[in-house]
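If you read the protein sequences in the order shown, they are chains A and B.
Residue 322 in numbering that gives the first Met the number 0 is what sits at position 323 of the first sequence, and the numbering runs on without skipping anything.
Residue 20 in numbering that gives the first Met the number 0 is what sits at position 21 of the second sequence, and the numbering runs on without skipping anything.
Hints are computed from structural coordinates only; laboratory data are not their basis.
Incorrect hints may have been included.
Straight-line distance between alpha carbons at most 35 Å, and here's what the computed DSBU-like set of lysine-lysine pairs gives [stated by the list, open to error]:
| hint | chain 1 | residue 1 | chain 2 | residue 2 |
| --- | --- | --- | --- | --- |
| 1 | B | 31 | B | 11 |
| 2 | B | 360 | A | 445 |
| 3 | B | 431 | A | 116 |
Because the structure is a prediction, the values reported are computed rather than measured.
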Amino acid sequence: MEQVIMNKLNYPILSTIIFLPVLGVLLLMLIDRSKELLIKWVALIVSVLTFALSIPLFTNFDKSTYKMQFVERYDWIPDWNIKYFLGVDGISVLLVLLTTLSAILCILISWHAIKIKVKEFYIAILLTCGAIAGVFSSLDFFLFYLFWEAMLIPMYLIIGVWGGPNRIYATIKFILYTLIGSVLMLVGIIVLYFHAGRTFDILELMAKTYPYNLQFWLFWAFFAAFAVKVPMFPVHTWLPDAHTEAPTAGSVILAAILIKMGAYGFLRFSLPLFPDATKAMVPAMLTLSVIAIIYAGLVCLAQKDLKRLIAYSSVSHMGFITMGIFALNSQGIEGGILQMINHGVVTGALFMCVGVIYERTHSRLIADHGGLATPMPIYAAFFMVFTLAAIGLPGTNGFIGEFLTVLGGFTTSKWAGVLAATGVIIGAGYMLWLYQRVFFMKVHEKVVGLADMDTREIIALTPLIILVLWIGIFPTQFLDFMHPSVEHLLERINVGGTQEMSIAKIFMEVVR
Amino acid sequence: MNFQLPDLNPLKPELFMTALALILLISDLFIKRKEVLALLSIASILVVAYTMIGSSGTTFGGMFISDGYSSFFKIIFFVNVILSVSISIKYIAIEKVNFGEYYSLILFSTLGMMIMASAADLIVLYLGLELMALSTYILAGFIRYDVKSNEAALKYFLLGAFSSAFLLYGISMIYGITGTTNLRDIARFIGERGIMDNPALLLSVIFFTVAFGFKIAAAPFHMWAPDVYEGAPTSITAFMSVGPKAAGFAVLGRVFMVAFSSVKFEWAAILIPLSILTMGVGNIVALAQTNIKRMLAYSSIAHAGYALLGIIAANNEGLASMMNYLLIYAFMNIGAFTVIIMLRSERFKGESIYDYEGLAKTHPLAAALMLIFMFSLTGIPPTAGFVGKLYVFMSAINAGYTWLVIVAVIFSVISAYFYLRIVMYMYMREPKVEVNLTTTPATGFALIVTTIAVLLIGVFPTVSVEFARAAISKF
Numbered sequence: 000m001e002q003v004i005m006n007k008l009n010y011p012i013l014s015t016i017i018f019l020p021v022l023g024v025l026l027l028m029l030i031d032r033s034k035e036l037l038i039k040w041v042a043l044i045v046s047v048l049t050f051a052l053s054i055p056l057f058t059n060f061d062k063s064t065y066k067m068q069f070v071e072r073y074d075w076i077p078d079w080n081i082k083y084f085l086g087v088d089g090i091s092v093l094l095v096l097l098t099t100l101s102a103i104l105c106i107l108i109s110w111h112a113i114k115i116k117v118k119e120f121y122i123a124i125l126l127t128c129g130a131i132a133g134v135f136s137s138l139d140f141f142l143f144y145l146f147w148e149a150m151l152i153p154m155y156l157i158i159g160v161w162g163g164p165n166r167i168y169a170t171i172k173f174i175l176y177t178l179i180g181s182v183l184m185l186v187g188i189i190v191l192y193f194h195a196g197r198t199f200d201i202l203e204l205m206a207k208t209y210p211y212n213l214q215f216w217l218f219w220a221f222f223a224a225f226a227v228k229v230p231m232f233p234v235h236t237w238l239p240d241a242h243t244e245a246p247t248a249g250s251v252i253l254a255a256i257l258i259k260m261g262a263y264g265f266l267r268f269s270l271p272l273f274p275d276a277t278k279a280m281v282p283a284m285l286t287l288s289v290i291a292i293i294y295a296g297l298v299c300l301a302q303k304d305l306k307r308l309i310a311y312s313s314v315s316h317m318g319f320i321t322m323g324i325f326a327l328n329s330q331g332i333e334g335g336i337l338q339m340i341n342h343g344v345v346t347g348a349l350f351m352c353v354g355v356i357y358e359r360t361h362s363r364l365i366a367d368h369g370g371l372a373t374p375m376p377i378y379a380a381f382f383m384v385f386t387l388a389a390i391g392l393p394g395t396n397g398f399i400g401e402f403l404t405v406l407g408g409f410t411t412s413k414w415a416g417v418l419a420a421t422g423v424i425i426g427a428g429y430m431l432w433l434y435q436r437v438f439f440m441k442v443h444e445k446v447v448g449l450a451d452m453d454t455r456e457i458i459a460l461t462p463l464i465i466l467v468l469w470i471g472i473f474p475t476q477f478l479d480f481m482h483p484s485v486e487h488l489l490e491r492i493n494v495g496g497t498q499e500m501s502i503a504k505i506f507m508e509v510v511r
Numbered sequence: 000m001n002f003q004l005p006d007l008n009p010l011k012p013e014l015f016m017t018a019l020a021l022i023l024l025i026s027d028l029f030i031k032r033k034e035v036l037a038l039l040s041i042a043s044i045l046v047v048a049y050t051m052i053g054s055s056g057t058t059f060g061g062m063f064i065s066d067g068y069s070s071f072f073k074i075i076f077f078v079n080v081i082l083s084v085s086i087s088i089k090y091i092a093i094e095k096v097n098f099g100e101y102y103s104l105i106l107f108s109t110l111g112m113m114i115m116a117s118a119a120d121l122i123v124l125y126l127g128l129e130l131m132a133l134s135t136y137i138l139a140g141f142i143r144y145d146v147k148s149n150e151a152a153l154k155y156f157l158l159g160a161f162s163s164a165f166l167l168y169g170i171s172m173i174y175g176i177t178g179t180t181n182l183r184d185i186a187r188f189i190g191e192r193g194i195m196d197n198p199a200l201l202l203s204v205i206f207f208t209v210a211f212g213f214k215i216a217a218a219p220f221h222m223w224a225p226d227v228y229e230g231a232p233t234s235i236t237a238f239m240s241v242g243p244k245a246a247g248f249a250v251l252g253r254v255f256m257v258a259f260s261s262v263k264f265e266w267a268a269i270l271i272p273l274s275i276l277t278m279g280v281g282n283i284v285a286l287a288q289t290n291i292k293r294m295l296a297y298s299s300i301a302h303a304g305y306a307l308l309g310i311i312a313a314n315n316e317g318l319a320s321m322m323n324y325l326l327i328y329a330f331m332n333i334g335a336f337t338v339i340i341m342l343r344s345e346r347f348k349g350e351s352i353y354d355y356e357g358l359a360k361t362h363p364l365a366a367a368l369m370l371i372f373m374f375s376l377t378g379i380p381p382t383a384g385f386v387g388k389l390y391v392f393m394s395a396i397n398a399g400y401t402w403l404v405i406v407a408v409i410f411s412v413i414s415a416y417f418y419l420r421i422v423m424y425m426y427m428r429e430p431k432v433e434v435n436l437t438t439t440p441a442t443g444f445a446l447i448v449t450t451i452a453v454l455l456i457g458v459f460p461t462v463s464v465e466f467a468r469a470a471i472s473k474f
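Just chain B, with the same shape it has in the complex (with noise of 0.2 Å):
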């Protein structure tokens, strides 16, 4: 029997990855700076940034798949790399965690994002996840000698175990139907037989959706996000809830999209809930948070609930202002957190949002940028945030949900409360405490990034617009 080697070319840029995160684990052994860590870890991602260049196929029978949607993900994820590594480098040394697995560990967890976007096979999906999973369990109780830290870790995994745990009962139950896990395959089967109310295909898709809601924070499933956040090294938590929420976006949208195209109006009835009820908490708890962490947690949830939106308008018009939004808010997001981490200094946690108080007088410009990243989460032109917002606000009224987004304007309306307290306490109050900005050159680089990002897509949205219809385009 001949063997033949699958193509490996649209597994090309994971399987870089993959060697080079192994290279930089390795590495970690003989070098003793762990700055240039940083450095190489961000170098690879280039590199496998450039592998990603004419990747686009299907291989391994159908079990994986590279494509415009795979490849927007991975930018998405990239993004997120570079800018939490380098918002790290100081402040991982700050925590006394200097260690070099940090980022060895950050490139797993993207590879197993990676792999999720790329999933066309529920096994595969599967592996990706928890590898991405595993990694980000380690990374949230990276600072050992934290009871917090600890806390955010164990309740990662244990919340995310039961998680998987219902991910793997939904996929044996459409295994269990269908005989098989591949995503096309799936649909063909309930087309073709014409099962769409079989009572244990929309369990499993009630299954899948509790999985997955775990994944990107969705409220009911929300509850170990604040707690995690809050432990969380800061840098882990912008690295966090931007990475695994796209991941978890990337699949929803696939899983939902191909396999069960055919009950879309089931899966919407499920969604649409449960996104009132994300944004519900997430905007409303937030109110009464003081730890800026947690706050952006509960702001993180809500943003969740924004993005689904768009998947709940089912057209490929959807996907696309889901993945211009989570595109969007990791700029904004990691750019808020920046300014965060910059606060953070050897005596100084600066986590409460009262140690924003008179940041204007004393910090203008780190002021000013926190203004602009609040003011764009809240979704106000000329920001980016306001982009992503309108253009998931106009594929869910394209598609027959303006109830949906009257409901939505009104709780982005609840969260311009909180966003604008910390520029009130910025602005409008005297410096309370002494607070010393930690300023590296690679948490520069972050900020003008960032700001850049935000201001750009705000003026000129089809920067990013353009680039998420194209990726849809090739679906």
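The shape of chain A in the complex, shown without the other chains (with noise of 0.2 Å):
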């Protein structure tokens, strides 16, 4: 039986959302450089483009099935018996939306912020958003690494070039880091490769099963790669250097896409390919997904700077995503898998939303704002939305995602859950104590009279508020994408039915 179901729109959607951004950075390489204004236009304009032409995957997608949709498939390198091959499934195709989403958004939030090498940066960033979108779309390893590693190229610039004082140690420490990680991986794949009789086919790979003790070894070849991206504790140092230097737009690439390559990773290689390794690492992972949420947490609480803080906040965040992840049970996976979305969405908005005023007072100091919802209110509203979203509340996405997450925890470990719990409260705490220090209080001598949001921000900002309160409210339209694949992801590692599943369901229909 064929396995996957071959692209039937009347263009190779996949290819497009990937190859357009490249079409539009050797259009821009043609302009000169000088003719700023046309630059972003171009820019915006492609971006806008590879979103449209990647609606499809979100109104065509066949949610019955689990099997890989809008699939092309070409050899490339036969003597290594590599194919193009693409393909989407219920886990990848709403990061691919995410990521055609997050380029508009960072070319619109760069507007302005951008002044040096204009015409580099915004090459950078649709090659980066490209690349990306060809890891989440990639059904071959080695067009799967390629993509991986290609994405660095543009985020090294992306951070050295246009981040913040100390942004080449910055720059450095995310190559260094995402580099030893990657290349462990690597021969991973090399490892599996020649193991599987020479197929870097990812469904091939999946359908053979592996001694214990090879996967054991891959399990934490693939772990080094993923884990360093999610980031989870203890390699996660990395990301609050990066976070904090980059610029606006880079902040949110890495928060919005790129930190979920990670968790993409071990949704899509780690668990059905190395089951048994998995089951037997579940403690070991829930208990770094936990000291994660909690540690990462407290340390928001002791940050002075606004993007620092919410970096770290990430960490957190993506402990959830990583918890769900490995309690392998439905409730945490589809968790993890929207709260991915979610995390996306919201720290995204955030990032941008520290972008709006650093544009205004060139200070990421907390102690230098206060105060701020007397001249922007518009703005703090959005902030307003974005943090409750960011902690969680009921009818926002945040929700959803950190519920069903801590759900998925508790069923496999008591433990776990609870101490996640404790975690959503430290979220609430460093979150609503932020706002209160920058919206309310005395108004700082440094934002009196500040401009308000203007159009450009608005709208950037509007789709994902928009999002927000769809996720929110209508969570079975994006959790309905992910069922059939996250039940064969399941199959795959039979863990299922047990009893403690029988009480998650009813828990499920709750929240439905």
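Combine the two chains into a complex, taking the hints into account.
Printed below as a string of structure tokens:
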């Protein structure tokens, strides 16, 4: 039986999403660098077009099957049995959409913020987003690794060229951490390639089972790559630096899509390829996740820098995601995937908000702001919505994601669930305290008379507000994408139908 | 007694090369514009490349062989000459050493490499090696008035002579044991007599390793490389870092795989620590360099370490990956050297890595190309450097050396630091000195060729992989 559904649209949708930005880059290269406005508009139009062309992924997606959809498959490097093989399923489809959406937002939010090397900046943004879309839709390991690494080149420049004062340290730390993880995965991929009889085809690889000993080592090789990207405790230390120093658009890419690559990697590769090793590692993974949730949450309380605080909150939120994934039940995994989208939307939005204020005050220190709600009421309202979503207030998307992941974690390990729940409380603490210090209290002299958000900024943030409420109120519309794929994944790991699951199912009905 | 002329067909490229190099040497007397000689040398290479078609076979009683393996290496040498000559034309005029001998020496050196690649006998091997080495010694010291260039030549010569002595010692021991210098006969003798654990045999393997290790600049026989690479004219550094290294790998591969195939595990046991040390020394010491030529010298040492993995795999797949690696290395390394050479102008050396500060602002295109070469040398896709590394890693893992590949990838992460530091200086610092690029159509040509090759092979590895595999199938 054919395991994939070929692309039925009249254009190769996934290739378009990946390579249209690259075409846009070629176009940008031809434009004279002094015509900055033209460059911005071309980049914007390319990204909007890419997003528009990616919408069929949402509307035409067949939610009744776990099979790969919109598949494109051609022979690429016959010598090594490498195929150009793209496709999405319920796990990746939303992430691809999030990527195409983020590209637009990144370009909008950088409109005035980027003043030097404008041409290179938009080239780098388009290349990064194209490559990340490639990561989420590759079904051939070679192709996947190609995108996975190629993404580093523009990202290295985005942080290093347009970042804050300490940008060089941050970007080198970012690239070295990521590389060391990636190359170990590369060794793992090659070992797998020979073990499975010379194939990089992910579906073929998944159809086989591997001896436990091999699974064990490969799990850790892949873990090195994915844990750094997520980032999981204790290899998270690059993230606060990279997030803090990156320009706003860089932080948005990092938060919204780049770090999702790690969590996606666990779901797509570690779980189905090494199910036995994964099951054996659940206690270790849950422990690391819980440490990340609580430790990063506590660290947030001590931050003086707005971006650094949100960066640590990312580590904490990603802890919920990895906990959900390694809970190895449908609530946890679906919650994890949804939380990946949520975190992308909310944290991306928060970074954009910080960018908005940074453009005006050129300070990221919490102490330099205060009483912002007085000069900038619209801004304060936007920020409030995202703060509440980050806390996980019912009615926002954050609630659904956090609830499901905690539920999943609780089902597998009561302690993990309980401890993670305390993380939710810490999260509410640091976010509300942040909001209080920045928006209320005495109006700081630096913020007196600041202009409120302009139309461009409102346009950039509105889609995210819509998503926060849409996912928050109608989560099933998004969860429906995932059911068959997650179910299939769980069959593969074959943990299912335990007693506790049925209790969890009742909870699920409550959510619906 | 009837004297029969040996079959000259397999020797055709070498014969043409000799004749054309001599003609070039003589025409130097009549031609005043040395640029013409450069064009003539490139034309000669094209002629020689053409004569290579249909030249396969063995001749001189099995001493000389022309097969896919040798042809592949010869193509690397030709690419090397064409690109190195292209970047030399303006450069040697700036260095005020615009003499015609320069080009004929390059051709003679290449002739030596070609003979090495085709040597099926240790004597022929030695002949080619010396021809290559002697010509390169002179080229290294070509800037006569420059102390550093003199130092480079002298150092290279002394250590080169020393390593030749090791090679001769190894050859004489092998001859003493087996009574022959022909590679296949040596293999047959060792196999028939079952003298795999003969200490003299192992000692001669060690001597060969030392001699070839010197040519490929493998640690701990790399000591000459940084000084010579730094002192030699930049165009010759580019030439040397590709040509003699590839020739060294060609003989290493052929001698070890043909003559010593029955002591595979023994020489693999010698080469494994050698390759680890080579990657370690190359990558770690490169971190501390501030002269870009010196940095690339250490990088070249490190790359020898990666290519050694292909030989350690000790099978045809491994050899193919090594050959593929060297071809890719030729493109990316000469590409980087082209940018370096463009920075050199009448009053500006442009060899310090700080000279690259802010290059992206003043010369965005040159900086972008350097960025591509640096990422390729690091081995990040979608560049050719990644394909090269992937292939050697794959063949080493397939041969059971997974742990060695883990060591190699960790060193390649370390290498990211110093390659990307150049990118960092170009893109993330403000320009401090005024840099004027010396661009000529010839350097433009070299840049176009190398960039296209690096990106094309990066995206469609089949181009070079298929080629290397086809070549090795006629080994």
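Hint-by-hint comparison with the structure:
{"no.": "1", "hint": "B:31 / B:11", "result": "holds (30 Å)"}
{"no.": "2", "hint": "B:360 / A:445", "result": "holds (34 Å)"}
{"no.": "3", "hint": "B:431 / A:116", "result": "holds (17 Å)"}
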